[in-house]
Amino acid sequence: MYGWLGRCLRVNLSKGAFAIEEISRELMERFVGGRGLGIKMLSDEIAPGTDPLSPENRIIFVSGPLVGTGAVTGASCNVVTKSALSGTAACAKLRGHFGAELKYSGFDMIIVEGKAESPVILSILDDKIAIQPALEYWGRTTSETENLFKKSLGDPWAARETYLLTIGPAGEKQVPLANVINDGFLSVGGAGIGAVMGSKNLKAVAVKGNHSVTVADGSRFVQVVTTLINKLNGAPLTSQSMSSWGSAFFVGLCHEKGILPFKNFQSSSIEEARRIGTEALAEAFALRSRGCFACPIACIKKTNVQDPRFQGKGMAPTYLAIGALGLNCGITDLTAIGMANMICAEMGLDPIAAGGTVATAMELIQRGVATNEDLKADLRFGHAEDLLQALTLMATKKGHAKRMGQGAKALAHEFGNPQVFMGVKAIPMAPFDPRAIQGMGLHYATSNYGPHHLYAYTFIDEVLSAHESCDPRSTEGKPELVKRYQDTTAVMDCLGLCNWPLMGLKFNNMVPMVNSCLGTGYKAEDLLQMGERIWNLERLFNMQAGITGEHDTLPERFLREPLPDGPAKGQTSRVEEMLPDYYRLRGWDSQGRPLADTLKALQLGE
Amino acid sequence: MARIKIDHTKCTGCRHCETACSLNHVAGVANPRRARIRVFREGNTFFPTIAGPFVDAACTSKNQLMIGGQTYNMCLICRASCPEKPFFIEAETGFPLKCDFCGVPPSPSCVRWCNSGALELVED
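Protein chains in written order, with the numbering used here: chain A, 3 to 608; chain B, 370 to 493.
None of these hints come from the bench; they were simulated from the model. The reader is advised that the hints may include incorrect statements.
Here are the computed lysine to any residue pairs in the SDA-like style, where the Cα-Cα straight-line distance is at most 20 angstroms [claimed, not checked]:
1) A/152 x B/453
2) A/315 x B/413
3) A/525 x A/32
4) A/130 x A/155
5) B/379 x A/246
6) A/130 x B/402
7) B/454 x A/127
8) A/233 x B/486
9) B/454 x B/407
The whole structure should be built from the sequences, with the hints applied where relevant.
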């Protein structure tokens, strides 16, 4: 067996017991790994109606077969569970080194069930598996937890080889907006997962090990990877833009196309974006590139905030943070955005979900339906100190920000203004205005994991024109584009690859790497079909959990209110027009239910 | 003579060099602990370190090193494998590992896969 280790660790926290299980070859071939295997195990093991915060819910940490092999960007590990925020399946993508170390520790997958009586840390250190009490870690921020745990090992060299995945105070308090953090990196799409970990009293997972991952055809694999590195190096987007600025360079591009949201998607940021471009980023921070495991791009930027108001070390704001925590809350001060991002990482909050909630609260106050007294916090668009205060309070459930911790949707409903909530399936929206980028809008409406751009990166063609140039404002060919990117992303997550290389490589370029690693003879279509299988499986799980075709829509604002300003002025999202085509392409009926024939073709029917 | 130039200010800590080394020396096996190059992290800085001498006793004197206004423990950049820093040892056999400047003409696999510019082959 190549790439895979074929071993799964099952931990029952209620009993304090664990067992090592074998993963069958058939499962691996059908569901590949990562997100695919995770969702398969989840839908097999829990009833779709399970309460996400109950001990019956599972939380599954699963790496893909290419993780840790040295495959280009083969670092992504997925955390799959039923989300506490949306009630759908949730799948976070972890960056950094945790995924690779999980493989080296001897396991492809860890399934955690039950609930510990008191806080625990699960550790797999050189084949010694332990569920150790973690009372002294409870209440600590993520970096404190990591440092304390590493110190407790008593050997600085062993500490350097140990990688941790932790939750912060937000996860402990079961705030539905909580995310998981590893190596100081916020996970992608992890809203609602931190709370599940917290409900199990699982503070952290630590891994370290000495196991080898084998590759089918070593010399061919080395050759292919070398070619891919050179290709990435030759592509301007991956070698220059991403490597220098991380995803923050999108700010300028999105500004030009009118995609940047402003003040809870009320308009598109025009003047403000100028103050926040890449040059400003360099002025505000001393940047240093950090790479995830085996990544030649190194898009993550570590910073040292020098500003006397806020000081500290953290991750430079990515496009996501700038959009969701910054512009969407009306804030253009980069240092403050960087600080907000750091609070999210320390407290274990998801920046999109938390930013979306603050923006919703700000709009409620702006409209006069809620007052500062109601929320017991000053929340004004454009005031950085309001945002920073709200984030800390939300994470710790202190004061009256407790209400905000329940998420943007709950908040908007509570004040009788549900139309103020900018999100889909109870998850706030990633900072791309769907009125100005139609394909992304369709993806937001149909995504199994809520409106998050990293589950279908249509942006690569719609704005960056990396492979084909399409007009973001046109709907032509968008259903095909969205389906293709959704399937591609699904299979890449399963394999354990990051999405960014798609900016410099075609998916076809990666097929030889997959084959030489796993010893298979897949064609690109075979892999995309696997992606489609995963997408449908997730859809089925969500449907059984009560999230159906009627949730495949966008908030009223995008459908009825034309964009008031910017290059895309006057546009609305035409998602309703594209949806029937999308369903047809997917082989679903008019209600968005997969047809029996579709499931049969994907080998999903019983 | 060709040599490997290490620029720790450029290292992104992706550890691609480690897997490259492992895959190149043990056919089809990726395992950083079998690599002859390791990347050691200290705060936000990374030090790529290539396997050097194998010693069976740790140093009795400890040195501190100032780089760019910051003090580092010199063990961090020391290339030796010692009881206090037990790296570069083949786990199954206990055999010490050493960089053999692999590749013909010399183009070590770690350098080939390093995209950050931290590892570079120079002639002098």
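Query - Hint check, failures only - result: none
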